[in-house]
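2 protein chains.
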Amino acid sequence: MSNIESMDKLINSFTMLQGVGKKTAERYAYNVIDMTDEQVEFFAKSLQEAKANIHYCSVCGNFTEKDVCEVCSSRKSDTICVVKEPKDVIALEKVRKQNFVYHVLHGTISPLEGKGPDDIRIKELMARLNDGNFKEVILCTNPDVEGEVTANYIAKLIKPFGIKVTRLATGIQMGSDLQYADEVTLTKAIEDRKTI
Amino acid sequence: MSNIESMDKLINSFTMLQGVGKKTAERYAYNVIDMTDEQVEFFAKSLQEAKANIHYCSVCGNFTEKDVCEVCSSRKSDTICVVKEPKDVIALEKVRKQNFVYHVLHGTISPLEGKGPDDIRIKELMARLNDGNFKEVILCTNPDVEGEVTANYIAKLIKPFGIKVTRLATGIQMGSDLQYADEVTLTKAIEDRKTI
Chain A
1001 MSNIESMDKL INSFTMLQGV GKKTAERYAY NVIDMTDEQV EFFAKSLQEA KANIHYCSVC
1061 GNFTEKDVCE VCSSRKSDTI CVVKEPKDVI ALEKVRKQNF VYHVLHGTIS PLEGKGPDDI
1121 RIKELMARLN DGNFKEVILC TNPDVEGEVT ANYIAKLIKP FGIKVTRLAT GIQMGSDLQY
1181 ADEVTLTKAI EDRKTI
Chain B
1001 MSNIESMDKL INSFTMLQGV GKKTAERYAY NVIDMTDEQV EFFAKSLQEA KANIHYCSVC
1061 GNFTEKDVCE VCSSRKSDTI CVVKEPKDVI ALEKVRKQNF VYHVLHGTIS PLEGKGPDDI
1121 RIKELMARLN DGNFKEVILC TNPDVEGEVT ANYIAKLIKP FGIKVTRLAT GIQMGSDLQY
1181 ADEVTLTKAI EDRKTI
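Residue numbers (the working numbering), protein chains in the order written: chain A, 1001 to 1196; chain B, 1001 to 1196.
Any given hint might turn out to be false.
No copy is singled out in the list; a pair is fine if it fits within one copy or between any two copies.
[Stated by the list, open to error] Derived DMTMM-like pairs (lysine to aspartate or glutamate); straight-line CA-CA distance at most 25 Å:
1) K1135 x E1124
2) K1009 x D1034
3) K1156 x D1078
4) K1087 x D1008
These are computed hints drawn from the structure, not numbers from a lab.
Please work from the sequences and hints to get the whole structure.
Here it is as structure tokens:
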């Protein structure tokens, strides 16, 4: 710490960000002091504005400044991608020629964190499936323990609807090196091997 | 980017920080959305306050909220440490039983960046040496090209004052492994070897 009160306050602010420790926060704080007044004002304003303007889309739960987000208001689709976080939507939007809409759960089932099915937006998903004409649900939660549990739980709930339920393929990463792939991924990749 | 205007503005703000790229800025921006209103308000305020309150100490050039910084107003010393940046003061303050004051240059002589002796606070250093009763100047600029050039330049200027000029010792890092030391450091360490 710097022994300068407003400096320490700023350093503390930066440590609120995930993965930012004391050292990095100090560096950022010094960067701020070196910025122009206009830049700092822009920074402070953008924090306040983002917090004030951004909320959940009333349809899919993704972040938006409007009532209904860009994707939900402009895209018609019978396929729905279920994701854990808004960040995942950005990743999937990079896929070319995608034609699906999203449903953001804002979390996964995680007994360790005390999160049950009622703590994430599963109810809202069921309501959408009930109302809409969806033909397929792609469960895009992460391929980790919580993600798998959540996907399996939701898959069971959807069964009675007669809607096709799929999960993203797992396997060796494109462009990666076999020797660095972990055991679990390799085992799965061999199990799911494809005829060419 | 996210296609949400205030989100993109926030992401842009974070990329103003050194070493923060698009990916990291995105992560930070999402962190901000997850914060409480109070936390974001604290963050924004701390940015504005730090920028408004912090300026150079009129004596040593370190950052302070007052006219004269904590060190200069409380410590009497005949030894002055010349450093490149305010960050270096924090590092040196961690040394126990130090009894020196500082002079922050706010840069080094760097022809590549178009920075000459007049662009850093050398004049101010000379004025202090002229006025005060200093017995030793420790040149603590970094042991890189710019730091060495700056140290040599200042050393020559101080010579006529009859003040002792020293430079921090260079050598193998404490706690490090010989095999990872670079050639230049090793060469210097052998040259400067000490009788024990």
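Right, here's what the structure says about each hint:
In this assembly of identical chains, the alpha carbons of K1135 and E1124 lie at most 25 Å apart only when taken from the same copy (17 Å versus 75 Å across copies). In the homo-oligomer, the alpha carbons of K1009 and D1034 lie at most 25 Å apart both inside one protomer (17 Å) and across protomers (20 Å), since each shortest distance falls under that limit. Proximity of K1156 and D1078 under a CA criterion of 25 Å is satisfied intra-copy only: 20 Å inside one chain copy versus 77 Å between copies. Taking the closest pair of Cα atoms, K1087 and D1008 come within 25 Å of each other only across two copies (13 Å); inside a single copy the shortest separation is 31 Å, beyond that limit.
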